[in-house]
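Chemist: Spelled out, the chains give:
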Amino acid sequence: MTTPSAPALEVKNISLAFKGVKAISDLSFEVAPQEICALIGPNGAGKSSLLNILNGVYVPDSGEIIFEGEHFHRMQPLEAARRGIGRGFQNNALFSGMSVADNVIAGLSRHARATLLEEALLLPRARAEARRFRERAHEVLRLFDLERHAETTVALLPYGVQKKVELARAIVAAPRLLLLDEPLAGMNSAEKQEIAQIIARLNRDLKLTIVLIEHDIGIVLKLAHHVVVLDYGRKLADGAPDTIRDNPEVIAAYLGHDKVEIAA
Amino acid sequence: MNMFLETLIGGLLAGTMYSLVAIGFVLIYKASGVFNYAQGSILLFAALTFVSLTDQGVPVLVALAITVVVLALMAVGIERLILRPLVNRSPMTLFMATLGLAYIVEGTAQGLMGSQVRALDLGIEDLPIFLGDIMISQFDLTAAAVALVLVVALSLLFNKTRLGVELRGVADDTRAALSIGIDVNRIWQIVWTIAGLVGLVAGLLWGARQGVQFSLSLVVLKALPVLIIGGFTSIAGAIVGGLVVGATESLAETYIGPFLGGGITPWFAYALALAFLFIRPAGLFGEQKIERV
Amino acid sequence: MTVSHDKEKRHDHDIEAVAPAADQDTLLEVSGIEVVYGGAILAVADVSLTIGNGEIVALLGANGAGKSTVLKAISGLASADRAKVRRGHIRLDGEDILGLAANRLATRGIVHVMEGRHVFSHLTVEENLLTGAFLHRPSRKELQRQLDDVYGWFPRLRDKRRTHAGLASGGEQQMLAIGRALLTQPRLVLLDEPSMGLAPRIVQEIFAIIARLNREKGTAFLLAEQNAALSLAYAQRGYVLDTGRVALEGPAADLAARDDLHRIYLGDAP
Amino acid sequence: MSDIELRLTGGIGEGASTRTLVGIAAAALIVALPFLATEYWINAIAVPFLILSLAGLGLNLLTGYAGQISLGAGAFMMVGAYAAFAFQLRLPELPLPLALIAAGIVAGAVGFAFGFPSTRIKGFYLIVSTLAAQFFFEWLFLKFPWFYNGDPSATISLPAGLSVFGIDLNSPHGRYYLTLASVAVLTWLSYNLVRSQPGRNWMALRDMDTAAAVIGVPILRAKLQAFAVSSFILGIAGALWAFAYLGSASVQSFGLTRSYQILFIIIIGGMGTIRGAYFGAAFVSLLPLALDWLFQRLLGGHVDAGLLQNIQKVIFGVLILWFLIKEPEGLARLLQRQRGDLGNRRLARLKIRRQT
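Protein chains in written order, with the numbering used here: chain A, 976 to 1239; chain B, 194 to 486; chain C, 795 to 1064; chain D, 47 to 402.
In case anyone wonders, no lab produced these hints; they're calculated from the structure.
Among these hints, one or two may not hold up.
Beyond 12 angstroms from chain D on every Cβ pair, some chain B residues (computed) [stated by the list, open to error]:
# : residue
1 : S234
2 : G325
3 : I327
4 : T335
5 : D376
6 : R402
7 : L420
Listed next, the in silico DMTMM-like pairs over lysine to aspartate or glutamate satisfying Cα-Cα at most 20 angstroms (straight line) [unchecked claim]:
#  : chain 1 : residue 1 : chain 2 : residue 2
8  : A       : K997      : C       : E936
9  : A       : K1182     : A       : E1166
10 : A       : K1210     : A       : E1005
11 : D       : K189      : B       : D326
12 : B       : K353      : C       : E936
13 : A       : K1197     : C       : D1054
Some chain B residues close to chain C (C-beta under 8 angstroms, calculated; not the full set) [said to hold, decoys possible]:
#  : residue
14 : D248
15 : G250
16 : D366
17 : S372
18 : I373
19 : I449
20 : P451
Cβ atoms here follow ideal geometry from the backbone N, Cα and C, with glycine treated the same way.
Could you put the whole structure together from the sequences, leaning on the hints where they help?
Modeler: Next up, the structure:
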């Protein structure tokens, strides 16, 4: 709100329903360039659905998305990727039968130029491209300290490592906006700290704008610059972490609506 | 005009047979999420068992009873040896498993009971009846009536009995069914038995028409477009789909076939199904799935 | 050896003394379970809890703390989610029930009302209820009596009994799921997020019915809830989970009076 | 996890030189085979085995790598065979290798067309499209005499037999080397593809298609590519099956049973591995012989061919179920594990020796 520049992402009056059940109703908020914006709220509040809209997996019933000044009613998944929107998934959606390096390189797919024939015949352009991709992938793997796992099949790795691979895959194509759906879910506290630090570093060093969903509010409040609270698909609060913590509505959403009455 | 009506009615009546086969698929798919490619082989197996028994001089009713018991045992075996170990696996894997199952059932049926064509006489005369000027096959009419009775019986079972309610519950939500004490494995065994019985009826009707032989198992290939058109999860869809395929197939053979040199029935239903897929991927009665990531 | 060590650690962590299941005899005892999804994801690290006969126990904690997984481990539904209890014991009346199938446990008196309600959406409201009632194979007359019983508790369901459950409102579906579970005549109901996605007034109504059922029929409840204030108001005791471990436990009134609940849910104040 | 690393390093560390030696020996054996084996073995086992491996390889790219199930492998083989026939008949100046490639391209284009529904539908729904191909081409190639040049028995056989640049390949040796060369080249190409961007896209599509789309994998293009490449290979396999193995073929040579057979090859051999196709094909070609031999031995006399076929069916069915339940990655994985265990044991023994 205080940033003078135009927002990197603007969600405007988005609504979405599944078979008549409202998942998101008339949601609007802005994400400033290079900030970490956290979406929080109870289960079923519509957070993942929102990320899916930003990525083009779902089509909103109404409303629009403004990304870097361009207006979209519906985003196509490939279009989103091409415009530099990266994504990490809730229940880690890695390609389980592929090696770590191949998973990461798959994130570079849209930069591939060599034709099928060039690849099949190992012609120079295909070889050069393969080398370039591999180098880029290793660069990113190094960032996450994953190099030693590069040739391991993903399914054989512990969950915490898999989550890191997913992050690596999401950023390998150098996105400008990164969407993360519960990147810390299912981890122990040491792992959580590590991933949180990586996210902060990506934001700081790579100047990445990040929108993330997270339930560990303690970490969210430390990590995020900006918090949007959702409940029943509506926006409950929107502001800096400090203002969120003390917002009575937020406390009620998390701890129950009858706090006052019970205490009395 | 008469020719058109005759073709249409003949096609619709033949379509009831397709429906009958497709219903067996729907039952299994709804209750256990398996696309049962072996349904055709089960149909062959059921009909062959019955014919082998009656050929040996076993009275018809006793033969029926024995066949039913055999089908129930097979269903228990399938649930124990295939469905249970493969629980939670992808639909593709389950599909391929039923391909394997089809081979086992076919091999066993023909290995034990021979692969020559067996005549089956159900005592239905196949003399044409005339409705005004329109000629209708009496056999087709009887078959359609039997199919109708079966569908009514099934819908009574599903809607009016305790078992039926439980069956539908399992089809809706397996976990919830487990949580309130429904024995899902037993339900699967029952559903596969019922699907076997539906297969038996269909097998006897088809068998009476073209003899009980290996080609019976190929009706699975007829049911597939029916399911695509009607949707995999709806018995009503299976019936309508069967009628649509039966009618359009016979109309197409009569009116389009001559321009293409004839014999287009084997693939026409597939072309129709593909066209449907592009317009309505979930079929006429199916439900669209929402994917979560 | 490791077990006692763990226990000590937990005591250090606790500020108040642990209240055991008072003078009631124990119905269910969960000791030191660890639950893992798909062989890799640790959902519950070490949870022990007890539920007395006829007791309402609240299981609290933020999203992802492991509440649902604990419930699934108890009800046997964990295996349907490819989850596995790797360590620990679960005992019903002192008898080990770990590894029993969910439907077997339902006949033994443990019923699970899952998060998101899971009603049979293509069945009518009444048919949904019947699926629960069939468990003990009642006579037709007895069946009607039991149905009337449930309709007495949840009058809204009677009005909707011919409606397809999928078309009922969220609150009605929640009532239906609870009603269906009650018809299995359980001794222990595992209730996962009954308040989720419901308007506060409906939530109040549901909790009031739970309390009445508990009082009048002696049914025990394990309530997994994010809504701490409300569930503690109705529960006798409570456990608070944090990343798969029990962080706090004690009488409900004591837990409700503490202000560090706020801390566990919303993090440390700066 | 450490266990796996151990195995990996064990495999590479000490096995490298042995593996090279084994590879060279195997290659030498394969090339020299015609001079070591009887004509029967070459005609009736080696050649069909190689062609089935090639067909398995083609289907594996589509089903094993890209995750698109197909019951139409036979149809694409059929297209290849009939296209090769048409090229040889009507463009006799086109040398055989080019005719084979052209036939593959025709089959690839047909595969591409029948792959189109895959952009709308998923999972086993797709078998409708591939079965449609199966039935349509069975009808097409039987209905119009142009395709079989009006032959009274509706079969196709090459007018001039097999010859490449004037070298006659009609002998068992010639057919063997033609097949071997085709298989070797296509295996090399496939190997390159699966290890590069197309292969990664296919596997991404197979493992998690929505996620693949979101991270920028062009999944529609990848699907259609998989159909086209797979059908290209199947088409060449079909042409070889017709002319290098059978000599003369008909629609029945590529019926639904053939499609099942190719699918079984990759289920048993191992989905999503190149070598799986070879293991599966070896298994499928050798099992009937083994059974035959076994029954001769056990029962001492002649066994009814029909019965033998049914027993084979049951055995295949059981094996498919067994593999799906116990070893979804097929023989390729089973053999690898065996070798891995062996390696581990050797490593353990080494360690013990060092300690003592």
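Chemist: Would you check whether I449 of chain B satisfies its interface hint, that is, whether its CB is within less than 8 angstroms of any CB in chain C?
Modeler: With a minimum Cβ separation of about 39 angstroms from chain C (threshold 8 angstroms), the hint on I449 of chain B is violated.
Chemist: Checking a non-interface call: every C-beta of chain D should be farther than 12 angstroms from the C-beta of T335 of chain B. Is that right?
Modeler: Holds, because the least Cβ-Cβ distance between T335 of chain B and chain D comes to about 29 angstroms, which exceeds 12 angstroms.
Chemist: Regarding the pair K353 of chain B and E936 of chain C, is the alpha-carbon distance no greater than 20 angstroms?
Modeler: Answer holds: K353 of chain B to E936 of chain C is near 18 angstroms, not above 20 angstroms.
Chemist: For D376 of chain B, is the shortest beta carbon distance to chain D beyond 12 angstroms?
Modeler: Holds: least Cβ distance 22 angstroms, greater than 12 angstroms.
Chemist: Are K1197 of chain A and D1054 of chain C close enough, with their CA atoms no more than 20 angstroms apart?
Modeler: At roughly 18 angstroms apart (the allowed maximum being 20 angstroms), D1054 of chain C and K1197 of chain A satisfy the hint.
Chemist: K1182 of chain A and E1166 of chain A: Cα distance at most 20 angstroms?
Modeler: Violated, because 23 angstroms separates the two Cα atoms, which is more than 20 angstroms.
Chemist: Taking the shortest Cβ-to-Cβ distance between I327 of chain B and chain D, state whether it exceeds 12 angstroms.
Modeler: At roughly 30 angstroms from the nearest Cβ of chain D, I327 of chain B sits farther out than 12 angstroms, so the non-interface label holds.
Chemist: May I ask you to check that G325 of chain B keeps its beta-carbon over 12 angstroms from the closest beta-carbon of chain D?
Modeler: holds (36 angstroms)
Chemist: S234 of chain B: least C-beta distance to chain D exceeds 12 angstroms?
Modeler: Answer for S234 of chain B: violated, closest chain D Cβ roughly 10 angstroms.
Chemist: Is K997 of chain A within 20 angstroms of E936 of chain C, Cα to Cα?
Modeler: violated (40 angstroms)
Chemist: Once the shortest beta carbon distance from S372 of chain B to chain C is found, is it less than 8 angstroms?
Modeler: holds (4 angstroms)
Chemist: Quick check on the hint: G250 of chain B CB to chain C CB, less than 8 angstroms?
Modeler: Hint violated; G250 of chain B Cβ to chain C Cβ min 41 angstroms, cut 8 angstroms.
Of the numbered hints given earlier, the model fails hints 1, 7, 8, 9, 11, 14, 15, 19, 20; all others are met.
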